[in-house]
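Colleague: Residue-level listing of the chains:
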Amino acid sequence: MSLALQEQAPSFALPGVDGHEHTLDSYADADALVLIQSCNHCPYVQAWEGRMKAIQRDYADRGVRVVALNSNDRVRSPDDSFEEMVARAEHEGFNFDYLYDRDQSIARALGAERTPEVFVFDRDRRLVYHGAIDDNRDDRQVGRHYLRDTLDALLGGAASPIAETPAVGCTVKWRQ
Amino acid sequence: MTERIELLYWDGCPSHPEALALLRSVVDERGLGLEVELREVHSDEEAESLRFPGSPTIRVDGRDVDPAGADGRPSLSCRIYHLEDGRVSPVPSRKQLEDALQ
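So the protein lines, in turn, are chains G and X. For the first sequence, my numbering gives the first residue as 46, with consecutive numbering after it. For the second sequence, my numbering gives the first residue as 126, with consecutive numbering after it.
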């Protein structure tokens, strides 16, 4: 069961690929916090990664923080080990934090099922949007920019134009 | 002459309907008159025995349409395809399928 709209963001304390621990309070200054259930190995994530970087770049000055979480079990998905996360973040030049949810507790608290799957929290850290980044994994065929539209509305003091969409991607690889 | 076209898939990855539609389109375009054989992979053990490197995997007369990824670690996961323009996709490109069915 996914986190319901208007519910509070779960607390966390997770290691990042930058070598630091990151908590929910680490992002206290952000006007909007975008948590993205993500991973290394998934072609859907890789297809959307460029747009994740672009959104962080375009909204950084407006108080938005994008944070990617990898909760995949490294036994089932060796490409998602912390060491591989560090390597991918460096290789791809991630401009957002990439955190390792090794015990999968944050993925469970969010109720995440897919990668990528977006959870947008407002200034009070209440969930205002949950779902896909946009409506097409092919960046040449995007018609609706759900995440950008949500952020524009939120930063303009309006309600998100759309609250939930289906996330399309790989499944979270739960520990067995 | 092509005799057998297989599409192996894992239901946990959403890409196989798109891959199947694309594959059938190319098969029809070429007038091959062949049915695509569908096979669902249910377990890690099955993935191992079938040398299934992710979903979807398409084989033409036993040959993978993307030889570069054919030897990937067998697993129940979505397979990565690299398109001609360098982008990543969860399904092979039309050109990869056309080349495999030549």
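Watch out, some of these pointers could steer you wrong.
Unchecked claim - Listed next, the stretches of chain X that the computed footprint assigns to chain G, with coverage defined by at least 3 CB atoms under 8 Å from CB atoms of chain G:
1) 135–143
2) 207–218
Unchecked claim - Some but not every residue of chain X turned toward chain G, in silico, with C-beta under 8 Å:
3) Arg155
4) Cys203
5) Gln227
Worth flagging that the hints you see were computed from the coordinates, not collected in a lab. All residues carry an ideal CB built from backbone N, CA and C; glycine is no exception.
Colleague: Evaluate each hint against the coordinates.
Modeller: Outcome of the hint check:
1. 135–143: holds (count 4)
2. 207–218: This one holds; 4 residues, not fewer than the three required, reach chain G with a Cβ under 8 Å.
3. Arg155: At 24 Å from the nearest chain G Cβ, arginine 155/X fails the 8 Å test, so the hint is violated.
4. Cys203: Hint holds; cysteine 203/X Cβ to chain G Cβ min 5 Å, cut 8 Å.
5. Gln227: Since the shortest Cβ distance to chain G is 25 Å, the answer is violated.
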